[in-house]
Every structure is written in structure tokens, then in C-alpha cells.
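**Q** Generate the whole structure from the sequences, applying the supplied hints.
So that you can map any letter, position 245 of the sequence shown is 313 in my numbering, and since no number is skipped, the others follow by simple counting.
Note that these hints are calculated values from the structure, not bench results.
A couple of the hints might just be wrong.
Stated by the list, open to error - Label-pair ranges, simulated between beta-carbon atoms: (1) Arg207 x Gly167: 15 to 21 angstroms; (2) Arg109 x Asp235: 41 to 47 angstroms; (3) Asp235 x Thr209: 33 to 39 angstroms.
Stated by the list, open to error - With a straight-line cut-off of 20 angstroms between C-alpha atoms, the simulated PhoX-like cross-links for lysine-lysine are: (4) Lys309 x Lys298; (5) Lys237 x Lys298; (6) Lys165 x Lys237.
The C-beta atom is built at its ideal place from N, Cα and C for all residues, glycine as well.
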Amino acid sequence: MDSLLHLPVFCCKAVPLPHWVPDSQLQQCSSCGDAFNPFVRRHHCRCCGSIFCDACSSGRVVLPGFGYLSSVRVCDDCRQFELGQLPLLLAGDVWTKVGEPQQRYLRLSPDQSLLVWTPWRLEEGPLRYSTEDSADVARLTCVSEAPEQRELILWIDSERLTFVADDPKQVHLWAAALSRLLAIIRQRHSYEQLFGGIAAGAESPRTLAVRLPLMDQLLEQRANALMDSKQRALIAQEMQKRQGTNTALGNTNSARHSEQLSS
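**A** Here you go:
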């Protein structure tokens with residue numbers, strides 16, 4: 069059953085959502101291309117709004133970032149994003165921002181509207197923030213990667229932001245996740261204007277839904293839990309690395325001392 073959070077916007081759940089493609093617009097599945105007929109029915113993905121057959125939209129997930137508190141039908145790509153790629157962005161990771169000497173912790177805001185980066189200072193304890201910078205995801209025009217340089221390149225309007233990672237795999241995963249997020253947002257906005265009568269520049273129903281106090285609290289809790297787990301893992305990894313370096317240094321000094329005694 070659809071989340072009751074949509075009731076302030078829609079009089080009942082039978083009314084198509086603004087970002088849904090009308091049934092008459094598509095005669096085949098948006099994923100596999102199979103034609104719809106009495107035996108192959110249409111199903112809307114609650115995330116991206118497109119139409120799929122049952123086989124390509126059999127998954128059900130909770131979409132708090134899109135206004136749903138209960139499990140709803142989604143297409144395979146949106147299910148992969150919600151369960152795999154979105155948690156990666158919400159948890160955040162450490163990057164070096166080109167032009168700035170200090171490492172940054174880059175993450176997606178709980179409501180998925182902002183990219184936020186803060187100074188990263190690794191200490192034995194909770195991460196401590198000082199200043200915080202952010203960019204509106206709606207202004208994100210392009211996401212690309214340069215694996216050889218381990219660079220994630222983001223274009224915010226005409227401004228280029230470049231983040232460098234230690235691991236090229238991190239760059240690829242983030243580029244894929246941000247590209248999918250951007251594709252979903254663009255598609256929803258396009259469908260809302262084309263089919264839902266939402267004026268350009270107006271706030272979408274999704275934005276209004278995630279601002280409700282209960283939803284805002286749930287999104288904050290989810291993001292904080294993911295971020296806390298990620299930061300603890302990063303701190304533990306760094307402590308282990310430092311311990312290994314100290315052990316290796318101690319072994320080297322012991323070997324030198326033994327050589328001096330034997331000479």
C-alpha cells in the first residue's frame with residue numbers, strides 16, 4: 069500500500085502520481101521491450117515513474133527519500149540504486165578536493181538534495197567538523213570520472229569540482245551512483261512537467277513529502293547510521309595502517325640494533 073504521506077497531495081492512491089508516465093504513452097516495457105497485452109500488464113515504478121512489465125519491476129523496497137514509508141514497487145534499476153548506490157552516497161567517503169590541501173568528507177544529504185563536503189580530521193574518536201560546503205544536486209549538470217587520475221569530476225552549472233580518491237574503484241562507484249541519482253531526478257522532473265502539470269521551477273511533491281517532520285527525522289536517522297558506520301570503518305582502517313607502520317618501523321630498529329651488537 070502506498071504511503072499515507074501522499075494523502076496531503078493526492079486525494080486517493082488511485083490518482084496517478086505527477087511523475088508517472090500515462091498508460092497510453094507506452095505500449096512496451098521500458099526495460100525489456102516486451103509489448104503490453106492482457107497477459108503482460110503495465111506497472112509503474114514509484115521511483116522513476118516509468119512503466120515496466122511485472123518481470124522488470126517485481127522488486128519492492130521502502131523509498132523514504134521519495135515519500136514512501138512502506139514497501140512499494142520499483143523497477144530493477146531503481147531497486148539497485150536504492151539498496152546499493154544510495155547507501156554509498158549517504159554514508160559518504162574521504163576525498164581530496166583539488167585546490168584544497170585538507171582532505172574532505174563528501175556525502176549526500178539525508179533528503180538527497182545536497183552534496184556536502186566537510187574537512188576530514190582523523191582522530192581517535194568521533195569525526196569533528198568545522199566549516200561545511202555544499203552544492204545543490206538539482207544544479208548538477210554532469211558527472212564524469214578519470215580513472216587514471218582517480219578523479220571524480222562534477223559540474224555544478226558551469227563550475228567544475230574535482231575530487232581525488234586513493235582507490236580508483238571508489239571513483240567508479242561514486243560516478244555510477246551519482247549519475248543514476250541525476251538520471252532519476254531529471255526524469256521525474258521532466259515527467260512532472262510533461263504529465264503532472266507541475267510548473268517549471270515549482271517544488272515537486274517529493275520535496276514537500278520529505279519535509280514532513282516524521283519523514284525528515286527518519287531520513288536523518290538513516291543517513292547518520294550509515295555515515296557513523298562508514299566513519300568508524302575508516303578510522304579503524306587508518307589505525308590498523310598506523311599500527312602496521314609502527315610495527316614495521318620497530319622491527320627495522322630492532323634489526324639495526326642487533327647488527328650493531330654483533331659487529
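**Q** If a hint holds in the structure, say so; if it does not, say that too.
**A** Now the hints, each set against the structure:
1. Arg207 x Gly167: 15 to 21 angstroms: holds, 19 angstroms
2. Arg109 x Asp235: 41 to 47 angstroms: For Arg109 and Asp235 the Cβ distance comes to about 44 angstroms; the hint holds.
3. Asp235 x Thr209: 33 to 39 angstroms: For Thr209 against Asp235, whose Cβ atoms are near 26 angstroms apart, the range 33 to 39 angstroms is violated.
4. Lys309 x Lys298: Holds: Lys309 and Lys298 sit about 17 angstroms apart, inside 20 angstroms.
5. Lys237 x Lys298: OK: Lys237 and Lys298 at ~16 angstroms, within 20 angstroms.
6. Lys165 x Lys237: holds, 17 angstroms
Comparing the model with each earlier hint shows a violation of hint 3 alone; every other hint is respected.
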